[in-house]
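Enquirer: Chain residues, written in single-letter form:
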Amino acid sequence: MALNKDGFKLPGSIATATDLAHVRMELERISEQMLQERLRTPDKVIVVPRISSRLNQAASNAGMKLESDDDRQTLLKHLEEAARVAPKVKISFATNPSDEFLTKIVEWFRQNINDQVLFTIGLQPSIAAGFVMRTPSKFFDCSMRKHFDDNKHLLAQALKTTGVKS
Amino acid sequence: MTIWWLLVLIGSMLAAAGGFFWIAFKLSASGGAVKPSEPQTIDEQAAQNAERIFNDEFREELRNRGRLHFEKIIGENAMFLQQDLRLTTSQLNDFMKTEITQKLQDEFSKYEESIMDAKQLAVESIQKTNEAVDQQRQMMSVQLTKEFEDAKAHMLGRFEDNIAEVVNHYILAAVGNQIDLTDQLEYIIGELEANKEAIREDITNGA
Numbered sequence: 001m002a003l004n005k006d007g008f009k010l011p012g013s014i015a016t017a018t019d020l021a022h023v024r025m026e027l028e029r030i031s032e033q034m035l036q037e038r039l040r041t042p043d044k045v046i047v048v049p050r051i052s053s054r055l056n057q058a059a060s061n062a063g064m065k066l067e068s069d070d071d072r073q074t075l076l077k078h079l080e081e082a083a084r085v086a087p088k089v090k091i092s093f094a095t096n097p098s099d100e101f102l103t104k105i106v107e108w109f110r111q112n113i114n115d116q117v118l119f120t121i122g123l124q125p126s127i128a129a130g131f132v133m134r135t136p137s138k139f140f141d142c143s144m145r146k147h148f149d150d151n152k153h154l155l156a157q158a159l160k161t162t163g164v165k166s
Numbered sequence: 001m002t003i004w005w006l007l008v009l010i011g012s013m014l015a016a017a018g019g020f021f022w023i024a025f026k027l028s029a030s031g032g033a034v035k036p037s038e039p040q041t042i043d044e045q046a047a048q049n050a051e052r053i054f055n056d057e058f059r060e061e062l063r064n065r066g067r068l069h070f071e072k073i074i075g076e077n078a079m080f081l082q083q084d085l086r087l088t089t090s091q092l093n094d095f096m097k098t099e100i101t102q103k104l105q106d107e108f109s110k111y112e113e114s115i116m117d118a119k120q121l122a123v124e125s126i127q128k129t130n131e132a133v134d135q136q137r138q139m140m141s142v143q144l145t146k147e148f149e150d151a152k153a154h155m156l157g158r159f160e161d162n163i164a165e166v167v168n169h170y171i172l173a174a175v176g177n178q179i180d181l182t183d184q185l186e187y188i189i190g191e192l193e194a195n196k197e198a199i200r201e202d203i204t205n206g207a
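So the sequence lines, in the order shown, correspond to chains G and L. For the first sequence, the positions run 1 to 166 when the working numbering is used. For the second sequence, the positions run 1 to 207 when the working numbering is used.
Hints are computed from structural coordinates only; laboratory data are not their basis. Heads up, the beta-carbon is just placed ideally off N, CA and C, and yes, glycines get one too. Please note that the accuracy of each hint is not assured.
[Claimed, not checked] Sample of chain G residues lacking proximity to chain L, with all beta carbon distances greater than 12 Å (derived):
(1) T18
(2) D19
(3) E32
(4) L35
(5) N56
(6) L76
(7) A83
[Said to hold, decoys possible] Chain L side only, calculated, beta carbon under 7 Å to chain G, not exhaustive:
(8) E160
(9) I163
(10) A164
(11) V167
(12) N168
(13) V175
(14) L181
(15) T182
(16) Q184
(17) I188
(18) E191
(19) I199
(20) R200
(21) I203
Using the sequences and the hints, build the whole thing.
Expert: Okay, structure coming up:
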């Protein structure tokens with residue numbers, strides 16, 4: 001199944017596997033709700049209930065209309081396929097990132113690395129600034145702690161020089 | 001002259017003959033008064049005369065005189081023996097004194113010599129011990145100095161490393177919550193751009 005290769009892109013608001021699971025559950029719940037509504041009142045026009053912005057953006061990115069049963073099923077398959085094949089990246093920051101900040105990071109990844117990548121967001125106050133990231137087989141430490149550790153000899157040298165002068 | 005000598009000789013012979021006859025006469029005259037029971041032989045007469053001469057009194061006299069003489073000789077010999085004994089004792093004392101003194105002097109000399117040798121050996125041993133102790137002390141001093149220097153350098157090194165760790169930890173703890181992530185966005189995007197190829201390759205080809 002190559003649904004994702006047909007042009008479906010996860011929106012930036014769906015950054016994590018949890019977000020994706022929430023959107024899938026929401027989409028399933030909406031489909032079930034609309035089905036029940038049609039069964040109860042077959043003559044009534046079915047209105048799409050209030051949905052989250054994530055689901056709305058996912059539907060927009062896929063060019064789907066949620067009023068259509070086929071489009072909802074197609075979108076659900078897209079989301080399931082994304083959950084199955086999307087590469088996972090764990091990235092940690094010193095503080096909890098805002099949604100806006102996280103969206104920018106996710107969009108950069110989706111544009112430059114992989115359009116289906118999903119994140120696991122971690123919290124590591126000890127890094128002070130920057131980030132640490134673990135991809136499937138590599139670890140990237142771009143934190144201030146790493147920078148300080150790499151230049152610890154400069155600090156020791158400066159302390160020694162200061163001690164000699166004093 | 002010869003006649004005179006001859007006359008003298010004849011006269012001497014006549015005188016001798018006359019004396020002989022006078023004695024013979026005398027003996028024959030005395031023999032008539034001897035009792036018939038008395039011995040008549042010369043031996044018997046000699047024995048009888050001996051009994052008569054050496055009677056008890058004479059024997060007692062001889063015994064007394066012999067006893068006195070013996071006592072005198074014994075006394076003289078005792079005196080001589082006492083003198084000799086005293087002299088010998090004195091000489092023996094002198095000899096013993098001389099010998100003992102000599103022996104003691106020899107022994108004391110040997111003893112003194114042994115003591116001097118032992119003293120010399122002890123002094124040499126003490127000197128060697130002192131030299132060894134001094135040498136050991138110098139070696140220990142050098143070793144201790146080196147140990148102190150090494151320990152000092154090690155502690156200084158550890159202090160410098162640790163103080164760098166402490167400063168790092170302090171700075172990280174101090175600024176950890178003060179830098180806004182939004183302010184770090186440019187830096188983070190820059191780091192991601194720098195590692196873009198590695199990230200892409202790992203995500204594409206990774207496990």
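Enquirer: Hint by hint, say whether it matches the structure.
Expert: Cross-check of the supplied hints:
For T18/G, the non-interface assignment is confirmed: its Cβ lies about 20 Å from the closest Cβ of chain L, beyond the 12 Å cut-off. Non-interface call for D19/G relative to chain L: holds, since the shortest CB-CB distance, roughly 19 Å, exceeds 12 Å. Residue placement check: E32/G keeps its beta carbon more than 12 Å from all beta carbons of chain L (closest about 35 Å). The claim that L35/G is not at the interface with chain L holds, since no C-beta of that chain comes within 12 Å of its own (minimum 38 Å).
For N56/G, the shortest C-beta to C-beta distance to chain L comes to about 25 Å, beyond the 12 Å cut-off, and the non-interface label holds. Under the 12 Å C-beta cut-off, the non-interface status given to L76/G relative to chain L holds; the minimum distance is some 25 Å. With a minimum CB-CB distance of about 16 Å to chain L, A83/G clears the 12 Å threshold, and the non-interface call stands. A least Cβ separation of about 5 Å between E160/L and chain G falls short of the 7 Å threshold, and the interface hint therefore holds.
Taken as an interface hint, I163/L checks out: its beta carbon lies about 6 Å from the nearest beta carbon of chain G, inside 7 Å. With a cut of 7 Å, the hint placing A164/L at the interface with chain G holds, because the nearest CB-to-CB distance is about 4 Å. Here the hint on V167/L is kept, as its CB sits about 6 Å from the closest CB of chain G, short of 7 Å. The criterion of a C-beta within 7 Å of any C-beta in chain G is met by N168/L, whose closest approach is roughly 5 Å, and the hint holds.
Taking 7 Å as the C-beta contact cut-off toward chain G, the hint placing V175/L at the interface holds, the least distance being around 6 Å. Because the beta carbon of L181/L sits about 5 Å from the nearest beta carbon in chain G, less than 7 Å, this interface hint is met. Against a cut-off of 7 Å between C-beta atoms, the interface hint on T182/L holds, since the closest Cβ of chain G lies about 6 Å away. Of the supplied interface hints, the one on Q184/L holds, with its beta-carbon coming within about 6 Å of a beta-carbon of chain G, less than 7 Å.
At a threshold of 7 Å, the smallest CB-CB gap from I188/L to chain G is about 6 Å, leaving the interface hint in force. Because the smallest distance between the Cβ of E191/L and any Cβ of chain G comes to about 4 Å, under 7 Å, the interface hint for this residue holds. A hinted interface residue such as I199/L counts as satisfied when its beta carbon comes closer than 7 Å to some beta carbon of chain G; here the least separation is about 6 Å, so the hint holds. The criterion of a C-beta within 7 Å of any C-beta in chain G is met by R200/L, whose closest approach is roughly 5 Å, and the hint holds.
Given hint, I203/L at the interface with chain G, holds; its Cβ is 5 Å from that chain's nearest Cβ, closer than 7 Å.
When held up to the earlier numbered hints, the structure conflicts with none and fits them all.
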